[in-house]
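S.K.: Chains A and B, in that order, give the protein sequences.
Per my numbering, the very first residue in the first sequence carries number 1; after that it's consecutive.
Per my numbering, the very first residue in the second sequence carries number 203; after that it's consecutive.
Everything hinted at is true.
Which residues of chain B face chain A? A partial, calculated answer using Cβ under 10 Å: (1) 209; (2) 217; (3) 220; (4) 222; (5) 223; (6) 242; (7) 248; (8) 249; (9) 251; (10) 252.
No lab work stands behind these hints, which were simulated from the structure alone.
Here the structure is a predicted model, which is why all the values come from computation and not from measurement.
C-beta atoms are modelled at their ideal positions from N, C-alpha and C, and glycine is treated no differently.
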Amino acid sequence: MRQPLISPNQQIKQLFFPEVGFSSITTQGSGGKVEIGMVGREGLVGAIPLLLGSDRTPHDHFVQSPGEMLAISAQALCGAVDESASLHKLLLRFTQVQYLQTGQTAFVNARYQIEVRLARWLLMCHDRLDGDELRLTHEFLATMLGTQRTSATLAVQALEGHRFIKAQRGRITILNRKALEDLADDGYGLPEAEYARLIEGA
Amino acid sequence: MPRYFFNVRHRPGPAGLAEDREGDELVDVAAAREHALSEAEAVIARDDRPATIRDWMDCSFEIKDEDGQLVLTVPFSDTVQEQDEG
Numbered sequence: 001m002r003q004p005l006i007s008p009n010q011q012i013k014q015l016f017f018p019e020v021g022f023s024s025i026t027t028q029g030s031g032g033k034v035e036i037g038m039v040g041r042e043g044l045v046g047a048i049p050l051l052l053g054s055d056r057t058p059h060d061h062f063v064q065s066p067g068e069m070l071a072i073s074a075q076a077l078c079g080a081v082d083e084s085a086s087l088h089k090l091l092l093r094f095t096q097v098q099y100l101q102t103g104q105t106a107f108v109n110a111r112y113q114i115e116v117r118l119a120r121w122l123l124m125c126h127d128r129l130d131g132d133e134l135r136l137t138h139e140f141l142a143t144m145l146g147t148q149r150t151s152a153t154l155a156v157q158a159l160e161g162h163r164f165i166k167a168q169r170g171r172i173t174i175l176n177r178k179a180l181e182d183l184a185d186d187g188y189g190l191p192e193a194e195y196a197r198l199i200e201g202a
Numbered sequence: 203m204p205r206y207f208f209n210v211r212h213r214p215g216p217a218g219l220a221e222d223r224e225g226d227e228l229v230d231v232a233a234a235r236e237h238a239l240s241e242a243e244a245v246i247a248r249d250d251r252p253a254t255i256r257d258w259m260d261c262s263f264e265i266k267d268e269d270g271q272l273v274l275t276v277p278f279s280d281t282v283q284e285q286d287e288g
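The following block holds chain A by itself, in its conformation from the complex (with noise of 0.2 Å):
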């Protein structure tokens, strides 16, 4: 359904840097799937398991919102950051980021219901997004989340009702986005503020 970019437990060939669309990450259990991260424009797909020392990673790496990318060798890039260490480290400053991101995941799955972690979702898709506008389903949406689909429909509407947000058929279009960050409250922001610090302050 979604073009895959790197693949469980494959060698990891290249490396992507996102243009326009992003990619999500995610892990899976005889339960099924949820994901672990979302990496876009500020970012590189494939950068933690490499430049941690690893060929290949458990994880699936696939494109969640289509668009263009930019593609690295494995081998190009690990040249690149033996000759570069200002480059070296400014890719393991983001690695912390996703690091971060990642936590930040595990955080709103244990402690938050399930509008905050739709609002959550839907901003960090927003940041990487040109315009308004999400195409999805609400099965794919429940898979990203971690739950029903039937939670995800209900979840929807909740913010739908408060005019956050409009939902059509295989899309949904953010209205406003200040009342999803109030929503979202400190489920959202951490690793956004560390990237800004680590990355864009660098």
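Given chain A, put chain B in place with the hints provided.
M.R.: Coordinates of chain B only, in the frame set by chain A:
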């Protein structure tokens, strides 16, 4: 195969219906009922409840066909009865 839409009724009135815009393909109404019961069981077990839902037992699936006609209502509480009849 016909497509059935599993709208969720959680309170009276238009604001109390969460619309399923995607639906699922199932052979007939009996299969749609089975699907509704197994989804309700999974939803109750996971208990990932938005603030709009006080009790899953107040909810029901209002199953519509492709023409938008209501074909069946399956209360979530039917999952309990099914187990009792066992």
